[in-house]
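Using the sequences and the hints, build the whole thing.
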Amino acid sequence: MPSMRVTTDTWPRRAAQEPLLLLLLRSSLMKSASLQALNPNRAMAAMGRSVRVVLDSSVLLEPSGVTAEEEEVVVALRPGAEALLRRLRYSNLRVAICHPEGLPTNESGFLEKTAKLYSFGYMPLTSPSGSNLLNELMLEWSGTNFCFYVTSGVHEGLLSELQNHNWEVIAMGNEDVIKNSGVIHISMLQELLITLATSIKKEIGNSSAFVVGYVMKQSREEDFAKAIFVHSVTDYYRGAFPIYPSKNDLIFVPLSFELPLASQLQEVDLVLHKITDEIINIDPNSSISFPKGISFSPGMSEIIRFVEEHCDFCVIDPFKNIYPLLDRIQIQEILIRLEGLSAEGRPKLRAPCFLKIESFCGSELQKQLAEAKLSFPLIVKPQVACGVADAHNMALIFKIEEFSNLSVPLPAILQEYIDHGSKIFKFYAIGDKIFHAIKNSMPNASHLKSSSGGKPLTFNSLKTLPVATKEQLLQNEVQDSKLLDINLVEEAAKLLKELLGLTIFGFDVVVQESSGDHVIVDLNYLPSFKEVPDNVAMPAFWDAIKQSYESRKQMTQT
Numbered sequence: 001m002p003s004m005r006v007t008t009d010t011w012p013r014r015a016a017q018e019p020l021l022l023l024l025l026r027s028s029l030m031k032s033a034s035l036q037a038l039n040p041n042r043a044m045a046a047m048g049r050s051v052r053v054v055l056d057s058s059v060l061l062e063p064s065g066v067t068a069e070e071e072e073v074v075v076a077l078r079p080g081a082e083a084l085l086r087r088l089r090y091s092n093l094r095v096a097i098c099h100p101e102g103l104p105t106n107e108s109g110f111l112e113k114t115a116k117l118y119s120f121g122y123m124p125l126t127s128p129s130g131s132n133l134l135n136e137l138m139l140e141w142s143g144t145n146f147c148f149y150v151t152s153g154v155h156e157g158l159l160s161e162l163q164n165h166n167w168e169v170i171a172m173g174n175e176d177v178i179k180n181s182g183v184i185h186i187s188m189l190q191e192l193l194i195t196l197a198t199s200i201k202k203e204i205g206n207s208s209a210f211v212v213g214y215v216m217k218q219s220r221e222e223d224f225a226k227a228i229f230v231h232s233v234t235d236y237y238r239g240a241f242p243i244y245p246s247k248n249d250l251i252f253v254p255l256s257f258e259l260p261l262a263s264q265l266q267e268v269d270l271v272l273h274k275i276t277d278e279i280i281n282i283d284p285n286s287s288i289s290f291p292k293g294i295s296f297s298p299g300m301s302e303i304i305r306f307v308e309e310h311c312d313f314c315v316i317d318p319f320k321n322i323y324p325l326l327d328r329i330q331i332q333e334i335l336i337r338l339e340g341l342s343a344e345g346r347p348k349l350r351a352p353c354f355l356k357i358e359s360f361c362g363s364e365l366q367k368q369l370a371e372a373k374l375s376f377p378l379i380v381k382p383q384v385a386c387g388v389a390d391a392h393n394m395a396l397i398f399k400i401e402e403f404s405n406l407s408v409p410l411p412a413i414l415q416e417y418i419d420h421g422s423k424i425f426k427f428y429a430i431g432d433k434i435f436h437a438i439k440n441s442m443p444n445a446s447h448l449k450s451s452s453g454g455k456p457l458t459f460n461s462l463k464t465l466p467v468a469t470k471e472q473l474l475q476n477e478v479q480d481s482k483l484l485d486i487n488l489v490e491e492a493a494k495l496l497k498e499l500l501g502l503t504i505f506g507f508d509v510v511v512q513e514s515s516g517d518h519v520i521v522d523l524n525y526l527p528s529f530k531e532v533p534d535n536v537a538m539p540a541f542w543d544a545i546k547q548s549y550e551s552r553k554q555m556t557q558t
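To convert, note that position 296 of the sequence shown is 296 in the working numbering; the numbers rise steadily by one, no gaps.
Heads up, a few of these hints could be off.
Claimed, not checked - DSSO-like cross-link-like pairs, simulated, lysine-lysine; straight-line CA separation at most 27 Å: (1) Lys226 <-> Lys449; (2) Lys439 <-> Lys449; (3) Lys247 <-> Lys226.
No lab work stands behind these hints: they were computed from the structure.
Structure (structure tokens):
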């Protein structure tokens with residue numbers, strides 16, 4: 001969030017002059033922001049009431065600092081506020097930002113822009129008059145919603161009125177609140193989401209509601225949750241991680257490594273994780289004995305220790321079930337076990353032919369290639385499949401001389417390159433449901449060789465994967481629906497689920513043009529399955545998590 005420089009009074013002085021909670025919500029909301037905050041398209045869960053969260057400016061704005069020469073104040077969000085607002089945007093809660101009457105124009109403008117950026121309501125406050133502290137809007141909300149007011153200042157009179165009308169007040173960093181007042185205290189802004197989650201679960205009073213703590217990097221979290229803009233008017237949230245309960249009573253909250261993890265883990269019922277996002281380093285020579293040789297972040301290491309000490313605690317999925325997918329050799333060995341599904345009259349289902357190598361300079365390399373039934377061109381991949389920066393650095397080589405000075409990390413695997421008509425079939429197993437999508441892929445080898453300039457074609461499979469051009473796709477003239485034996489691959493997905501013991505995973509299939517072989521070329525844990533329509537993907541995702549949790553809890557109790 002960019003900062004704005006303004007000339008005005010300092011924040012601490014304003015806070016001392018005017019108790020923020022004595023200010024009331026103005027009924028005239030700004031039209032555009034209020035329409036977004038009250039979006040009727042947001043799903044209603046079984047709780048039957050929506051949840052409103054009103055964030056006072058005192059918890060969002062960084063206390064101002066004044067420069068000696070220019071008497072200027074930097075208006076900016078306090079640390080942690082940007083991450084909070086981003087997550088609240090996709091939380092399925094109805095959120096508004098408010099501020100006191102008389103706030104300097106530049107500061108109110110900053111808050112208004114912030115509210116618009118995150119699709120929140122924007123609510124200037126006005127001073128109360130007479131003996132009635134609550135206006136009609138606040139009374140209406142308290143009768144039909146579960147309401148939170150989040151502030152860093154609390155006034156006893158308004159506090160009493162709010163509580164009489166069933167408002168929950170959350171006070172951050174305020175030591176002056178009357179003891180046993182019923183106010184929920186937090187010390188840091190990072191505590192707010194888990195406080196909201198546990199409070200909502202308590203309000204539901206439903207034993208079937210579960211709080212899911214999740215751990216993954218920001219970009220992956222946004223893939224699961226971020227907005228898609230439709231017709232440039234209506235904003236639609238994918239919303240995989242709602243704090244407002246999903247239709248099957250799941251409440252999602254991110255686990256923060258800035259807070260004590262033990263207390264957070266005691267508040268959640270299970271943890272959904274992408275453990276590979278928290279890998280710092282992997283010793284490739286330890287791959288057969290993972291997790292030995294893997295260095296995790298301090299936060300992830302603490303979660304692993306907690307789970308080891310609490311054997312009945314549920315994680316999706318167990319760490320030991322994921323470790324094989326960090327090693328491309330182990331992945332190959334898993335895929336080879338699927339070849340028994342092939343039968344007469346059906347395409348052959350198989351893994352790619354491959355060879356592990358420790359060096360690109362061995363004199364026996366040509367002989368090893370022949371023994372492994374490998375011929376050029378070949379894809380060279382690091383043995384470590386994920387979790388480190390260079391795990392996706394690969395090369396396509398067309399002759400043995402191109403191995404010299406190759407930059408792909410060792411140890412590596414050499415894998416046959418399969419001409420597949422530039423189409424790849426991405427399969428996703430989400431619980432008991434299986435989905436697939438068709439995507440454009442790398443062109444056939446002849447096209448790649450002609451553009452390689454006699455050198456290895458190096459690429460990062462996540463960023464710079466060479467994809468067929470429109471002209472190359474037209475040349476292939478492939479009918480996608482006729483390429484694939486869906487039933488065969490779905491059988492493979494079910495067997496993989498048994499072999500892996502995973503709740504959610506994905507794999508890629510290509511169909512060899514010359515033989516019709518169905519070749520599984522990649523296997524991964526907890527993909528974001530963005531290609532699957534959200535109206536079917538999200539319910540399947542939530543059902544898979546809940547069913548996995550209930551199944552694992554039942555196993556620990558028997």
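How the hints compare with the structure:
1. Lys226 <-> Lys449: The given pair, whose Cα atoms are some 39 Å apart, is violated under the 27 Å limit.
2. Lys439 <-> Lys449: holds (22 Å)
3. Lys247 <-> Lys226: Answer holds: Lys247 to Lys226 is near 19 Å, not above 27 Å.
Figure legend: structure checked against the earlier numbered hints; the only hint not met is number 1.
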